[in-house]
Every structure is written in C-alpha cells, then in structure tokens.
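Asks: Okay, here's what each chain looks like letter by letter:
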Amino acid sequence: MEETYEFTKEDLDEIEAIKAKFPEVMPATLPTLWVAQRRFGHVEPPVQRLVAETLGLPESHVHGVATFYTQYYKERKGKYVLDVCTTTSCQLCGGYKMLHYLEDKLGIKAGETTEDGLFSIQSVECLGACGYAPMMQITNDVYVNNLTEEKLDKVIDSLKDGKMPEFESVGMPLLENINNK
Amino acid sequence: MPEIFIDGKRYEFEEGEDRGLLQFILDNGKEVPFFCYHPSMSAPANCRQCYVKVGTPVKNRETGEYELDENGEREIRWFPKMQTSCTTQMQDGMVVHTQETSEEVARAQKDTMELILINHPLDCPICDQAGECPLQIQTYKYGPEGSRFEVKKQHKPKRIQLGPRVTLDAERCINCTRCVRFTDEISESHQLTIVARGDKNYPMAAPGREFDDPYSMNTVDICPVGALTSTDFRFKARVWEMNQTPSIDITNGKGTNIDLWTRDNLVMRITPRFNGEVNDHWMPDAGRDAYQRFNENRLSRPAIKLDGDNQSKTSWNNAIETFAETLESHGPEDVLVVGSPHASVEENYALMKVFNLWGVNNFKFAPHIEEGTGDGFLITDDQAPNTSGVKLLGYEESNDLASEVKNTKIVIMLSDELIDRGVLSKDDLKGKFSILLSTNECDTAKTADLVIPVTCIAEHAASYVNVEGRIQRSFPAKETKYTNRSLDLEMNQGRLDRFGTNFDNWVTEENKVDCAPAWEIMNQLANRMGLDVSFGRGREIMEEIAGSNPAFENVSYERMDNEMGINLNPSNKQEATA
Amino acid sequence: MASDWKSFEPVLIPDIPNLDKIDNYIKNGGYKALEKVVKENGWTPEKVVNEVKEANIRGRGGAGFNAGLKWSFMPKPDGGPRYLACNGDESEPGTFKDRKIFEYNPHLFIEGALIAAYAMQITTIYVYIRGEYYSWIKMMEKALQDARDKGFIGKNLFGTDFSVEFEVTGGAGAYICGEETSMLESLEGKRGYPRVKPPFPAQKGLWGRPTTINNIETLANVPGVINNGANWFKNIGAENHPGPVLYGISGHVNRPGVYELPSGVPVMDLINEVAQGVRGGKKLKALIPGGSSTPVLRADQLDGVSMDADSLREAGSMMGTAGMMVMDEDTDMVDVLWRISHFYHHESCGQCTPCREGTGWLEKILLKIKNGEGEIRDLDLLLDLTTQMEGRTICALADAAAWPVRHTINRFRDEFEARCKKSVHAVA
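Residue numbers (the numbering used here), protein chains in the order written: chain G, 252 to 432; chain H, 15 to 592; chain S, 141 to 568.
Just chain G, with the same shape it has in the complex (with noise of 0.2 Å):
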C-alpha cells in the first residue's frame, strides 16, 4: 500500500499565500515542493503527484522540476541529513577530511542512511560559505562552519539529543584590526 499523504490547513495557507506572489501558478512549484518536504521529509513521488494536484499542475512538470534540484529529497533521508561541503574552499581546507571523518564515525558512506535512520550524510557542492571552511549545513537548513574533528562530535552529540545546532553568525572582519597593524 502506497502511503497517502495529505497538507495540513496550515500548509494549504502557506501555498495560498505563496501563489499570491506571482500572476500564475507554475512559479508556486518550488516553493510548494519546499512546503511538502519540510512536512513529509522527502518529495517521493506520491509526494510530487500531492504538489502536482494542489497546484493543478501536470505531475510531470514537478517531476522534472524535482529532480531538477538537488535540494528535494527524491528518496527519504535520514533525520539528519549531513551536507559536507566539498568543493574548491572546502576541499583546500580541510573538506573531505571532514567527510571521511563523519562516515567512519557514522559507519556509512556519503550517500547512505545510517540504520537507525537518523543521519544521511552527502557530499555537496559549494554552499557559499567559503570563507568558513570546511563547512557543512544540516537538513537544509543550519550551517556549522570552520569544522573540526572535535567540533563534530560535538554536533552529532547534540543532533542525538535532538537539538539543531543555532545560526552561526559570522562577522565581518573589522578593518580597525588592519589599520592598526
């Protein structure tokens, strides 16, 4: 049996009102996939087909659109899904150390779920935080920045207790320190 899936009153606001910022509909495709995987944790295709029906739009197009992006979990993922960082910054800094780092300690590879279901890990391009590399987002949302050994274990600690790591802002360097050199 197929597992039904259905939005929320909540959710069905949400995309009412994100419709309301373009003059169509199609334009309401991603983040409507968005509303869908922060509700159901994945876009599988019974997932996409709900999308495709809520906006009256051709399961096809989701369906392209879905696996267009790589941010959409066409498969499920664990609870946490650990998005290293591993391009040019990343990777001069330090990147795939991390990598191979949270897979021994995981005991599963980039790409694979752990067998509690709790962690994903992958491999991913740039995030745009280069200058705090390495680095790593969790579940498309937080990014933990200038990783250590000993600051993932303090993560995967935390993340095992539930608790998402806080939005790590980081300054701008201020000028001051070099005009005084």
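None of these hints come from the bench; they were simulated from the model.
Glycine residues also receive a C-beta, built at the ideal position from the N, C-alpha and C atoms.
Treat the hints with caution; some may be incorrect.
Claimed, not checked - Here are the simulated DSBU-like pairs of lysine-lysine, each with C-alpha atoms no more than 35 Å apart in a straight line: (1) G:K348 x S:K510; (2) S:K187 x S:K176; (3) S:K344 x H:K124; (4) S:K422 x G:K405; (5) G:K325 x S:K278; (6) S:K374 x H:K95; (7) S:K278 x H:K155; (8) H:K124 x G:K328; (9) S:K504 x H:K172; (10) S:K167 x G:K272; (11) H:K73 x S:K510; (12) S:K295 x G:K270; (13) S:K508 x H:K214; (14) G:K348 x S:K374; (15) H:K124 x S:K504; (16) H:K250 x H:K44; (17) G:K405 x S:K282; (18) G:K260 x S:K330; (19) G:K325 x H:K167; (20) G:K414 x G:K356; (21) S:K278 x H:K170; (22) S:K146 x S:K176; (23) S:K278 x G:K356; (24) S:K562 x H:K166; (25) S:K508 x G:K360; (26) S:K422 x G:K402.
Stated by the list, open to error - Restraint-style ranges between C-beta atoms, simulated for each label pair: (27) H:A120 x S:E555: 30 to 38 Å; (28) H:R121 x S:G456: 23 to 31 Å; (29) S:D539 x H:R33: 27 to 35 Å; (30) G:E254 x S:N164: 43 to 51 Å.
Since the structure of chain G is provided, determine the placement of chains H and S on it from the hints.
Replies: Just chains H and S now, with coordinates in the frame of chain G:
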C-alpha cells in the same frame, strides 16, 4: 525584396519572414545538420548542431549606404560567435557560411557531433532507428571519423515501457527534447518531462504514470535517435527491407496523410506523412493499428451460403454467377444498395453506376459517427474516411437502415460492418438475400449469403473525401493474388529497387489476398448481365466521375498528387479558379 | 588610489551594529535616497538611470556590465507588468558575499532595488535566493515585511503614483540558476534551463514581460550613488571598475572572510594584509581571483596585479565575483582542477550538447590523470575539448567549465605531466 547570401549565392526572402535561417536553408534545398529543431515546434537550440557563420553588411551611418572594402565588396561585420541557424532571424544583406564554405563551421559541427556521440551507445546494428536515423546519417556526413572518448560512458535506464505503445532506451537519448515539446506544444497532454540534470538527463513520464497520450507514437517518429521506439514495431523489420507507400488514414474522417511500410506483402507499420493542410506531421496512435486490418482476418476468395447458415468458399465465376442470378430472379425495385463511408469514392461510384444502369434507384448509406470521440485535433467523431465522398456521389444518408432493409428483398452492402457496428441486426437480414463486398472477416460477413472479398486501401489506388471536403488518394502498397508490383506502375518499390538494382529485400511471395477491386467485380457482373459498363483503374474512374459529377469537377489523380489533395468545398473552388 | 584602501570607510556593510533593524537603518539615513527619487520632481526615472549609468556600477555578479546601461535597455512602459529580478543565487564557488548583505544590511539592498524599480518603472521585484541560504531567506522575508510595514513597499509610496511589490523566493539547489535567464525559468517554477538570447530579458523576461536582472551587491550600491552622486562613486577604487567591492577571501589564508574595500586593491595586499597572509607561514602558490570559473594565476603572475577588471584581464584572468581562493605551496593543482571540473559536471543543466557531454568528459579525464592513469595526450585532448565547448552553448556554464581546465593546465603543465603515465612505447 530583402536579400540574403548563403554560401555565396543570393536568395530573396519576404519582409517580416518568420522562418528561421535553418528552415529557409532547408526550404531552398540546401542542408545544415540538426537534431532538436522541428518546424512545427519551438526551437530550443539545444543540440548546437546547426551552427553557421553569420555576418551583416556594415552601413555608413550618415549615408545609409553599404561600406565597401578595397575590392568594392560589401564590408561584412561577422557575429563574434557562430550562430545556431535554427534561431537566427534573417536580416537584409545577411551573409551566411554553412559547412560547405567554412572550415570553421564544418569543424564546429564535427565537434558537436563528437560530443553528442560520446555517451551514445553505438548499437546501430540492433537499433530500430538504423537506416532512418538522423544521428546515424549526419554522423556519416558531418561527424568525426573516430572517437577520442576512452573513459566510461554514462549509463541510463533501458527498455523502459513509457506507456502502452512507446519504449524508451534512455542511453540513446541525445536530449533534444522534441518528445517533451511534442506533449507540451502539440498534443498538450504534458505527460513527459526531462528528469535529472546534466549528462544524467533523459525524458520520462511522471512516476507511476503511463505515457498513454493518444498521440504518443508521434514522439517515436520525431525522435532523432533510437531512444523512443514503437513497442509494437520494435525489432520487426529493418527500415531498408520495407517499401514506403503514401496513403490515407481510414480510422476516422480526418484524412490524415500516412505512409504504409510494407515487406513481403504485409504492412509492417504506419507513420504520418506531412500535409500542412490536414495533419501537419502528426497522426493519432489509433490510426497506426489499422495495419493489422490490412494483414489479418482478411476475406480471401468469395464465400456463399449453400445450406442453412453454413458458408463455404466458392470460385469467382460461381460468385458472379450467383450474384447475377439472384438479381435476375428479382427486379431492380427489390434491391437496396448500401454504399459505405468506409469505402473509397471509386468503389461507391462503381456500385452505384452498375446498379443504376440496371434500374435500381434505392441507394443508401449509414454514417458512422460516434459523438464525443473527436478531439478537435486529428481525431473526429466520424469513424469513417469517406462520409463526405459517399454523400457527394448521391447515396442517401439513412439513420434507420433497418427499416430500409425491411422493405426490400436483396441487400447489397459495400465494405461496411453494419451488424458489427450495430446498424443492422442479424434478424434484419433474415429472409433477405444479402451480398457483401468487403475486406475483413466480421459478423456482417458471416451473416451474408454471398461474400465477395475486395481490396483494402493498402491494395488499391482510390480516393477518399475527408470531413473537411478534401479529396485525397491512396496507392497500392501490397499485392493481391492478381497484381504484381513490378508490373503495376502505381506501386512503390523497395529502397534497393529505387537505386536501380533488380531486387529488393522482400523474400516471399506469400501473404497475397485472393480479392479484387470492387470496380473489377462490377465489371464482371455487368459483363455477365449484359450491361454496357467497363471500368478502368481508379485513375480512369476518377476521370469519369470528374466528367459527370459537378462536385468532383476538375478532380484528377494528377492534381491530387501535385496538390496533396484537393478541397471540394464550393467556396474553396471559387478561390482556386479566381 | 589603490593604496589608500586602508583609509576606506565601508558603505555597503558599515561598522554600525544592528543595521538589519529597520529603525536603526532609517536612523542612519536609510531610505532617504528612495524618498528623494520618488518624491522630488527633479528625479525623473530617466535621471536616475542616467546617474547610475554615469556612476558605472559594474555588475557584481561576475559579468561586470554597467548596471545603469542595462537599465536603459528596458523598453518604454506599455501599462503591463515589468519586473526586476534580483539575483541572490550566489553559487559560484569562492563566492559568499551577498549573504552578508542579507544578514547585515538587507535594507540597503531593498532600498537599492526599490530605486531601480522606480527608475525602470517596475511593477514587481523578486529577489531569488539560493535554496541553501534558508537562514538568509528568512532574514530577507523579515526585512521585506519590515519595509512593507513602514510603507516602503506597496501602493502609492510616499503618497505618489509609484507603487511596487517586492517578494522573496528561493531556489532548491542548482548552480545554473545563478545564470540570469535560468534564474527566470526557476522563478517561473521550471527546470533551470538557460534561455536562448535574443530575445533578451529586457524584451521578454519573466512571463514574457520586460525584466531586468541585477546582482544583490550591484543594487546595494545604488542608494550611495543617489545620496552622494555618481562622481563620489566613480572616485572610489579603480577607474574603470569603480566603487566598493565585497571581496570574499577563502582558502589557505590566516583570516578568511568577506571584506568591503574599494575596487582595485592590490592582490598581494588582500592576501598578505587583509587576510593576514598564507596559513602556516607557507608560500603562496596560486590564486583564483573571482570564483572558480576565473582562470587561476600563479604566484609569479600576481606582482602589481590589482582587483579590477582591467588589471586582472592584463594578468590573464577575470574579476568575476571577487571571490578569491588562495592556494599554498602544498596544493595539488591536479586535485584542485579535478574538483572544479567535478563541480561544473555536477551543475551542468544538461540542456545543450557541448556542456552536458563536455563537462563530464573533462571530469572523467581529469580523474584518470589524478589517479595516475592519464597520458600526456590526455592533456592535449583536454585543451582541445575546451575549445569545443567554449562559446558553443546557450549560456556561459561551458565557458566556466572550460576556462579553469585550459588555464590550470597551461599554467601548471609540468605538474600535470608529472602525474601522467610515462609512455609505454619506446621512442625510436
């Protein structure tokens, strides 16, 4: 008139021309290779194959005159990059170099071709598309001699049943998006999309959904590689083994222009043939199944009911004799002739003429309309190809054929499965002598007292008038027991024949049906009954009709062939003569 | 001029705490420029366009095109909708600057976009932010709501006829959506396939209507130009590429980060002084100056080079997004190039042939070389492929994939050759 110079030759084009440069080049009989472009759909310029070098003349800003170089030639400002000709709009004075006159262009086309081929499986020997494959043909003409690709190819799904009629090999796909654009822009079913990204791309239906668009098989026709193939036709015949013969779709009233592909006197497949006035490049899937009717369950040799309801085969002589004797034992007033919207103009005409001469004046036909089945595109409510034609000949439309039958003794029916489609019941024909001239086994044929097999559209040259009043004609594509394709000049020959050899790829003389054109049967009947009638071939019959029936004035096979059909509507006729 | 960068006072992200709070932004002179152009009769839309054109704000998204000139390509209003699409996709590796504006000075960008909307008589502004920037999308939503609440967005601004809507929308993971027409497709809810040009967005953009696309940092420069005049802007930094620039410095430096400085700062000053030198006291080996598609420069090519379009072109590279990636002497250039090629292969949208097929081929050959299985002829094949890709596609992604390959091999050829297998065939 604005001018354009292509490979050094001057051409003129209309002001405000909306054709792109590529189409203009093709229309002028020249060639530039391409894959994604299709004249009936938007141009995404994604294959990057139709590159040409383009420049425009430099004009003096003050005088507006062309600047000339030291040789007195117009100074040309070349576009910094080569342009895809499919999306290039023509401008007055434009200068174009194709691969014929520019090394740079030839090189660019070869470069693109090399890239298209790196992930393409080179499986032409087992690919249905081989022999009619734009990728294969253009690789021979414009591609690199070898490949420098020594790393692993990208693997993708193979043998995917996209829908009931279309099979996908995603590895062969070159992502031209013609199929996706077809479902978005032509059939508007929006059933296909490209999935994934980059070199993992391929076309797909939504998960768990079938690509069951009633026009789905057009994507097979326009696929420039062997990625989309016909599930039915897959692996049945190589392209070069078949003869290709122009014909008309008989499964509805649109008169979609088609090609019949035959081998060994079997129709192997049906594909659409371009006619901008009727069906453009397309046809409904339903029309493609008709080939089975041409091959299977054919009535072959006449049959007659001798004792009770048991039919048995009989000779042609006996069939004609029985036909004549039955008529002669009654009078013309006892006869009802039922013409057929499923049969051609010529067949209906021949019947009417012979029986009219003998004195019959009761000519009816039952339209075959199924309300609501039409889609406003290429599928009509009318289920028959020649309703307009049979009307124009003077057959009277009857919506209650059963009562007509009641008041008569002999019912002569032409190619119409009246019982099968519920117009008549078996009981209606009880106590009558029923004669059927038809093509296929059916309940109507089983019920008839005399069954005479006639040629189907794949076996004769004859005309059909579509719902819009356009008359178009067929060509014989397969032989009957009594015809020979080497002698019949109307018949197409295989590919090798066309190139002058004495043989083609047909390997058997089997599969010939023992049937004859309805007009030849009428010739024999008239001859036996002493009537002064002699029909020639379809071409001559049409000349006769054109000379006697004002609705068909000036109609001829020659005109139909040259003009891809003729519109018989009076309003159009006036336009044509004006 | 380039040397007085030390005394430069930041204008895009000044050192004022809590500027993201709208009241604080207003208190510090915010939304004054918008009020001025909308309310004052002298500031016709044309005048705003001309002032911005005169200032020569070169697009900070990578292409470096004069923003005012771009604005002037918009056709005359016909009563129908017109759009401004703000490009916050920021996905070129090495680039992480626009998020600083979203976080620290969102209203400067909003004000700039509103001024642009006034200048081009735009009816709706969209800001498209990459999906990974979820936190920053939330910040922008908040900032836009604040601006709406204060009456800077909506109908009849400042009691005039000028009305404009402003919405934020997010991507979902696709580098290509930073390409402006691909971003339009994504905004329209489709797969991010770049569009064939012409028609250009100014003629046929969002939903077939006139549309201008500007980078976030580009628009954030607009209020300054209106407040202080084009000449003020032109006098900041390099002559042909003026104005403040958000430099993103990453890689092997002691103090990576985003720095706001004038354009044209000497590259070595940025590395050695601003970012406080190469990590661990190592020697500098190479620099990618403006995001991973810009050609890499060897340390010996950097003498006297400054961060502006002209100087970088002379040196053999490009300004791009000013996302500088610094590499020390231990860096394996084969590894770096393979990873860059992997990125473009992963991000190719797959629409057109040379990029879809070429990016994968490049990566596969580089992987072979990286694994010690390449041959010298593979290097020449790589160089050949770059010419088969460059300039042959709908958008510039193929160029972006080709340039690093060509220039990294040419500039570090010995390193690549050393990784290749020696020929197995005896030479005569």
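Asks: All hints are to be evaluated individually against the structure, with a verdict given for each.
Replies: Here is how each hint holds up against the structure:
At most 35 Å may separate the alpha-carbon atoms for a hinted pair to count; K348 of chain G and K510 of chain S meet this at roughly 18 Å. For the hint pairing K187 of chain S with K176 of chain S, the CA-to-CA distance comes to about 12 Å; that is within 35 Å, so the pair holds. Restraint check: the Cα-Cα separation between K344 of chain S and K124 of chain H comes to about 33 Å, which is no more than 35 Å; the hinted pair holds. Of the supplied pair hints, the one linking K422 of chain S and K405 of chain G holds, its CA atoms being roughly 31 Å apart against a limit of 35 Å.
Taking the CA atoms of K325 of chain G and K278 of chain S, the gap is about 24 Å. The hint holds against a cut of 35 Å. In summary, the hint linking K374 of chain S to K95 of chain H is supported, as the alpha carbons are separated by about 33 Å, within the 35 Å threshold. For the hint pairing K278 of chain S with K155 of chain H, the CA-to-CA distance comes to about 56 Å; that exceeds 35 Å, so the pair is violated. Under the criterion of a C-alpha separation no larger than 35 Å, the hint pairing K124 of chain H with K328 of chain G is inconsistent with the structure, at around 44 Å.
At roughly 23 Å between alpha-carbon atoms, K504 of chain S and K172 of chain H fall within 35 Å of each other, so this suggested pair holds. For the suggested pair K167 of chain S and K272 of chain G, the alpha carbons sit about 30 Å apart, so the restraint of at most 35 Å is met. The hinted pair formed by K73 of chain H and K510 of chain S fails the criterion: a straight-line CA distance of about 53 Å is larger than 35 Å. For the suggested pair K295 of chain S and K270 of chain G, the alpha carbons sit about 20 Å apart, so the restraint of at most 35 Å is met.
Annotation: proposed proximity of K508 of chain S to K214 of chain H holds, straight-line Cα distance about 20 Å (limit 35 Å). Restraint check for K348 of chain G and K374 of chain S: the C-alpha separation of about 45 Å exceeds 35 Å, so the hint is violated. For the hint pairing K124 of chain H with K504 of chain S, the CA-to-CA distance comes to about 21 Å; that is within 35 Å, so the pair holds. About 34 Å separates the Cα atoms of K250 of chain H and K44 of chain H, which keeps this hinted pair within 35 Å; it holds.
Simply put, K405 of chain G and K282 of chain S have alpha-carbon atoms about 31 Å apart, close enough for the 35 Å limit, and the pair holds. Restraint check for K260 of chain G and K330 of chain S: the C-alpha separation of about 26 Å stays at or below 35 Å, so the hint holds. With a C-alpha separation of about 24 Å, the suggested pairing of K325 of chain G with K167 of chain H holds against the 35 Å cut-off. With a C-alpha separation of about 19 Å, the suggested pair K414 of chain G and K356 of chain G falls inside the 35 Å cut-off, and the hint holds.
Taking the CA atoms of K278 of chain S and K170 of chain H, the gap is about 38 Å. The hint is violated against a cut of 35 Å. Between K146 of chain S and K176 of chain S, the direct Cα distance comes to roughly 32 Å. Compliance with the 35 Å bound is thereby established for this hinted pair. Annotation: proposed proximity of K278 of chain S to K356 of chain G holds, straight-line Cα distance about 32 Å (limit 35 Å). As the CA atoms of K562 of chain S and K166 of chain H are separated by approximately 22 Å, the hinted pair is consistent with the 35 Å bound.
Between K508 of chain S and K360 of chain G the alpha-carbon distance is near 22 Å, which keeps this suggested pair within the 35 Å criterion. At most 35 Å may separate the alpha-carbon atoms for a hinted pair to count; K422 of chain S and K402 of chain G meet this at roughly 26 Å. Between A120 of chain H and E555 of chain S the beta carbon distance is about 36 Å. The supplied range of 30 to 38 Å therefore holds. A hinted range of 23 to 31 Å holds for the C-beta pair R121 of chain H and G456 of chain S, which are about 26 Å apart.
For the pair D539 of chain S and R33 of chain H, the beta carbons lie near 30 Å from each other, so the given range of 27 to 35 Å is met. A hinted range of 43 to 51 Å holds for the C-beta pair E254 of chain G and N164 of chain S, which are about 48 Å apart.
Going down the numbered hints, you'll see the structure goes against 7, 8, 11, 14, 21, while the others check out.
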